[in-house]
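Same order as they appear, the protein sequences are chains Z and X.
For the first sequence, numbering that gives the first Met the number 0 begins at 0 and goes up steadily by one.
For the second sequence, numbering that gives the first Met the number 0 begins at 0 and goes up steadily by one.
By construction, these hints were calculated from the structure, which means they are not laboratory data.
Check the hints yourself; a few may be wrong.
No distinction is drawn between identical chains; accordingly, a pair holds when it is met within one copy or between any pair of copies.
[Claimed, not checked] Below, computed lysine-lysine pairings styled on DSSO-like, alpha-carbon distance capped at 30 Å:
id: 1; residue 1: K43; residue 2: K468
id: 2; residue 1: K23; residue 2: K525
id: 3; residue 1: K23; residue 2: K300
id: 4; residue 1: K300; residue 2: K248
id: 5; residue 1: K468; residue 2: K300
id: 6; residue 1: K369; residue 2: K67
id: 7; residue 1: K36; residue 2: K100
id: 8; residue 1: K468; residue 2: K767
id: 9; residue 1: K519; residue 2: K785
id: 10; residue 1: K787; residue 2: K149
id: 11; residue 1: K453; residue 2: K519
id: 12; residue 1: K767; residue 2: K453
id: 13; residue 1: K519; residue 2: K318
id: 14; residue 1: K23; residue 2: K248
id: 15; residue 1: K338; residue 2: K798
Protein chains: 2
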Amino acid sequence: MPGQVLYEANPPPEASRLPEELLKLRVQLDVTNVLTKDEVESLKRFRRAANYIAAAMIFLKSNILLEKELSHEDIKPRLLGHWGTCPGLVLVHAHLNRIIKKTGLDALYVIGPGHGAPGYLSCLWLEDSLSKFYSEYTRDMKGLHRLITKFSLPGGFPSHINSETPGAIHEGGELGYALGVAFGAVMDNPDLVAVCVVGDGEAETGPTATAWHGYKYLDPAESGAVLPIVHVNGFKISERTIYGTMDDKELVALFSGYGYQVRFVEDVDHIDNDLAGSMEWALGEIRTIQQAARSGNPIVKPRWPVLIMRTPKGWSAPKKVHGEFIEGSFHAHQVPLPKAGEDDEELSALQSWLSSYGPRELFNTDGTIKSEVVDGVLPDDEEKKIGQRKEAMRTFIELDIPAWREHSAEQGDMVSATGALGTFLKDVIERNSSTFRIFSPDELESNKLSDVLKVTGRNFQWDVASRGKGGRVIEILSEHTCQAMLQGYTLTGRCGLFPSYEAFLGIVHTMMVQYSKFVKMASETKWHTNIGSLNYLETSTWARQEHNGFSHQNPSFIGAILNLKPTFSRVYLPPDANCMLSTMAHCFRARGYINLVIGSKQPTPVWLDKEEADKHCIAGASVWKFASVDEGVNPDVVLVGVGVEMTFEVIAAAALLRQHSPHLRVRVVNVTDLMILGPEHSHPHALTDTDFYALFTEDKPVHINFHGYPIELKGLMFGRPGLSRVTIEGYREEGTTTSPFDMMLCNRTSRYHVAAAAIRGAALHNAKVSIDAHEKTSYLMHLAQKDKAYIYEHGTDPKGTFDKPTF
Amino acid sequence: MPGQVLYEANPPPEASRLPEELLKLRVQLDVTNVLTKDEVESLKRFRRAANYIAAAMIFLKSNILLEKELSHEDIKPRLLGHWGTCPGLVLVHAHLNRIIKKTGLDALYVIGPGHGAPGYLSCLWLEDSLSKFYSEYTRDMKGLHRLITKFSLPGGFPSHINSETPGAIHEGGELGYALGVAFGAVMDNPDLVAVCVVGDGEAETGPTATAWHGYKYLDPAESGAVLPIVHVNGFKISERTIYGTMDDKELVALFSGYGYQVRFVEDVDHIDNDLAGSMEWALGEIRTIQQAARSGNPIVKPRWPVLIMRTPKGWSAPKKVHGEFIEGSFHAHQVPLPKAGEDDEELSALQSWLSSYGPRELFNTDGTIKSEVVDGVLPDDEEKKIGQRKEAMRTFIELDIPAWREHSAEQGDMVSATGALGTFLKDVIERNSSTFRIFSPDELESNKLSDVLKVTGRNFQWDVASRGKGGRVIEILSEHTCQAMLQGYTLTGRCGLFPSYEAFLGIVHTMMVQYSKFVKMASETKWHTNIGSLNYLETSTWARQEHNGFSHQNPSFIGAILNLKPTFSRVYLPPDANCMLSTMAHCFRARGYINLVIGSKQPTPVWLDKEEADKHCIAGASVWKFASVDEGVNPDVVLVGVGVEMTFEVIAAAALLRQHSPHLRVRVVNVTDLMILGPEHSHPHALTDTDFYALFTEDKPVHINFHGYPIELKGLMFGRPGLSRVTIEGYREEGTTTSPFDMMLCNRTSRYHVAAAAIRGAALHNAKVSIDAHEKTSYLMHLAQKDKAYIYEHGTDPKGTFDKPTF
């Protein structure tokens, strides 16, 4: 770098290291004798048994208790599973059970490294929690044999934790979301502690990196607590982790800054005393913070506990095989002995490894577990066991839904649909003061939902104004955190709403897909009961993001939903305030869906009175007679609006056509439930062909003005008979900061474009129309250009553009 | 919480606060006299002028220099823009120019809060950088008038920073990515410093929260530096920010933990001395770290500088209007006086506000700027100015592409496509040792690209093994960081590759869309030159994620690309190793595209020799004569494979049909360039109808076995004439941990399903076939069930399943 600067480096390079004083921030505890010798032995036996089973699950297809020397024939033909994280998951599980047994703690176990399924499943089997849900997984030889030999095979438990795994509330696939989910789960569950293991791989993700702030949005008076355990084992798939290379000073500074008290758990020779003491300390801190808040004297910026647990990757695996380190290296991440089925050295290493747990001391010859392995660790109360928590069975606490009609708008008025929704949500919150929440990326006011703030507050504990007051609204500028908290809240039996700018909901696209996979498998798993729906509200859509411009225009979340299983995917585009209310009331009642509702926050015409709106929403679509020629009977062309602004332009186009092509018989249809359009039988809401024809005719041209990307609706409709008569326009990735009507013009969704499409379509089917079609569409395009020129000259839309058409 | 725990809260509640000692970690500087009085006056004048212009841009349509008292008629009809962040952006800009002028620093200005466009544009005008690119924005009354009156209006600059804004390399829409982009920009630009403003709203996002770790992947010997400035003004749209409620101790701990030295810049009464001194200190620290590394003696874990700049939100706006605080509150976020056009109090407040900058002291009456406003601040060297940096003009440094044919595989062999690609990438890296990088979320080994590690290393400065050694590979388990770094690297004229598991690339869906918007506007902006392509490699696809299971199955990134503008969106599914090589060599040569390449890492048959592969890739699709009946002449049915495994099943289906329906004339087509399938003219690669018919016939049944979600391909093809003969299957969101072939079975993409589809299709068109169609399809489904039963019984696919069919 050229030139001169005033300051020389300060402090000098050597001193650029962090000061030793930081180490004082580590929580020091005397843990040497937390446990009796017997307790330590109990925990060790439990862990040995669980680790044995977990390792066996990865490798063995027979000889599962090492009844004889292992042979290559005992090894599964395909070795699947991730060993690296298992011993850590087992360690936490054992200690969680111990403390539950001792204190009666209500705890959920939320696991970030879901690839460590063997470590979790082995513990569930030892708990005898599996047999509660799956009669084939009894705690005897039959159940153990199945657990081990069928793991990761078709029909057995899959390689990652999912909704088939009892006690789980989190899909163990895409990393980064466990911590936020844990925060959502404990909200409004004041006695619950979610112990959340975050792997040091997962800790590198953005969603986790910001989820640490979750406590700033959790009121200890009304909600439970999360105890995060960062499992630092140093390696990802093949590279070292960030957290694995950070020293104590760096870690303690980072987590102190996030707002935590940091306790390192790393005495591997005395890990049981270390972890037991650390957990007891942590739960004591949690209790102190909660008691202070619940006695009306909340601690300012309470520093919640976090444990940083350093144990070797794949701890207790062979140290070295073929001259390469296994335990403590990335080689232990997945299958530590990948050639155990053919290589003698590896088979012998496996024999030693498995024998090291001493299975004969742990299991009876009939495959049952010796009582001393589990008795000292497991709680006596079945319902307290990790695998049998009622919160994870997702019994939906139904909402008391207020009458939405009381919030309905007068037909003909100009009303903000989200504004009307805000008044309804206010009532929802009043009636469901501990089972409903709103998670929003700081857009509540902007999206005109702020009426809810009349009866509740923003729950932001770091802000003096809202600290200690609770509140149903969380506004954090992290869509990932909003989504994770909503998932945790929903999967533990409650229900919420995630309002968002349309363009930015796609930030959680893959998170939502992970959630949908969890829900799909739950729906195929007998013991799962109902959950509420996951509800999204998209507003500030592209059609009215002419002010923020191109970057704020992206309706692709529709496509994300369309790819899901039809059994639970729903997309609604209510065309006015009354339809919005009817739709949202339905969503809050409905169970197990993923609902995407898209509407405007701007004042727009109320086309339907409340009863018409309700009927329209139940039907999903209907002919809008008032906007059609002769009430839409026997049309030459069908114009379809899907979405608020798209429908407005369709109605305006029908009015234009009345004026310019008075002989053209135009039918106007609005679709509010997108899923009706798919081919017969493709979705529970898909219209039969007969009903489809009743709305759209059998053979007349149909032009659809669609709110989303045209390609997505085209994909949905593909397979309906006779689509060659259907044309579709929508958002075509054109826009900038401009006027509202210019957005319609540049995306070819304006009334002029719709009217021209109608004429072109009709001309193909009707000689009368075709005579002057070219002239008329040219004239319409001329009008479009005139408006565009006006907009670019005056900076605004021509006067009257958005006046309601008269008929 | 019930029960007893060993430890009582420790330390007690009051002491749970962070210790005062942490405050010592703040960097202390004596900044009282960094600047001369004249220098302070210069900077203040520049800032006043810039702030004046920025505020005027939001409000005025006439009377732009307050030549007379403001009237309601001077106010724009629609007030757009975000004032809150502008004064901060101006402050940094002024000081950046000052230090460039003084030291000749090479600096890029990367702005997170892109909604502060007025603050940036006003500075660019003062720099006289706008007129270099837009002749209408001269630094005189004409240019100023246009800048102010046309801002946020059609034809003027949009409300957010984008590629139309000179000097910008980052779309100013979706928040969270600026910091990661800055890191990418300085890589392999050793003299460059990217000064990156991160807003305290943006700082709440996950992507930013983990991007702070970026320095851990930046070798100061080979790359430049990022100077992050966290702009803490305390409020988002309507809620306080996390960082705004964190105190000095929390912030200094957090950033020390991230690895930084923290300097607070917050003396608002002497902000120029404070910021000037702090920037000089920061640049001195950067130089020290770089010099140490470049002299071969790198500092261990260097603590790079970060500035935390606390200034009031909307600083210098009116203090209070209508009894409500404006400056320093969320009311200043957007338009502080929204009714200035009608309300007298607001108009008067605006008059006072704008007058407070003293425009008459800053501007000459002809609208030119007084020399004393800019002379003391702006660098003399035009190319050093923020708005004229060559890096931001994106002149693509072309790669020296090795001959891919040297890495090609033998026809008939079983070869991993990504393995072959790894050997090619090794050569790419050797030939382009400072202009090509790989950004991967820890999946390089898993995705079989590790051959590159023979000639380069993983660049991970926190790991003792790789520190100080540079390296072309960055593996951080944050897709957001990978994407942001790749964007910054690409938009400054270089080129890279982002390999990812297929299911998790969607994590960056909306980031990619933001990038595409930047690129789209750049392509419509005359002064932009070429950039390289943004290259994605998806492997570990759903079809071979039978081991990790359902959570790892999600091909939706294809749909993300399909929604983009056809001018730059490309999706390739090369069917074998040779096609992979040909495709990737093309992608590295091509300019300005977003390339998505999808292929397998497993050994799969090499169907085409290198010359056939090249021809096939150029054509995008062709009839595979070797797998067809009579070389595919005059077929009864066309079977199409898109994707590696889908194509294998199609070929196996053709072999099955030969056996079971020997009279059926089957043509096999492979599509490697997905975009050829869209309707004529829909995409530059879309086949004409004539060419489409040549491949797929005019009227014969076509069954497409597609790698992605069927709905996405259906959307793409909609509009091709005669689609009712086309059926499409693909990933239908079914899967678990199972065998590879079971994935085909449960998604109906197996050879049996393909063959049955062929027979059903042919039966609809051919009476001969229809006679026994039902019987034959039943038999095929029986075979499918038999295989399924085998898989569930034995846990593996039937022997020989993936043997290459013989013909």
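Each hint tested on the structure:
In this assembly of identical chains, K43 and K468 lie within 30 Å of each other by CA distance neither inside one copy nor across copies; the values are 44 Å within and 43 Å between. Taking the shortest Cα distances, K23 and K525 never come within 30 Å of each other, neither inside one copy (52 Å) nor across copies (59 Å). For the identical chains of this complex, K23 and K300 are neighbours both inside a copy (20 Å) and across copies (21 Å), given an alpha-carbon limit of 30 Å. For the identical chains of this complex, K300 and K248 are neighbours both inside a copy (22 Å) and across copies (12 Å), given an alpha-carbon limit of 30 Å.
Taking the shortest Cα distances, K468 and K300 sit within 30 Å of each other inside one copy (14 Å), while across copies they are farther apart (42 Å). In the homo-oligomer, the alpha carbons of K369 and K67 lie at most 30 Å apart inside one protomer (20 Å), although the nearest pairing across protomers, at 94 Å, exceeds that limit. When the C-alpha separation of K36 and K100 is checked against a cutoff of 30 Å, the pair qualifies only within one copy, where the shortest distance is 17 Å, while the shortest distance between copies is 71 Å. Taking identical chains as interchangeable, the C-alpha atoms of K468 and K767 are never at most 30 Å apart, the minima being 70 Å within one chain and 77 Å between chains.
Taking the shortest Cα distances, K519 and K785 sit within 30 Å of each other only across copies (26 Å), while inside one copy they are farther apart (52 Å). When the C-alpha separation of K787 and K149 is checked against a cutoff of 30 Å, the pair qualifies only between copies, where the shortest distance is 16 Å, while the shortest distance within a copy is 66 Å. In this assembly of identical chains, the alpha carbons of K453 and K519 never lie at most 30 Å apart, being 37 Å within a copy and 44 Å across copies at closest. In the homo-oligomer, the alpha carbons of K767 and K453 never lie at most 30 Å apart, since the shortest distance is 60 Å inside one protomer and 73 Å across protomers.
Taking the closest pair of Cα atoms, K519 and K318 never come within 30 Å of each other, the shortest separation being 40 Å inside a single copy and 54 Å across copies. In this assembly of identical chains, K23 and K248 lie within 30 Å of each other by CA distance both inside one copy and across copies; the values are 9 Å within and 15 Å between. Taking the shortest Cα distances, K338 and K798 sit within 30 Å of each other only across copies (20 Å), while inside one copy they are farther apart (76 Å).
Violation of the numbered hints given earlier is confined to hints 1, 2, 8, 11, 12 and 13; the remaining hints are satisfied by the structure.
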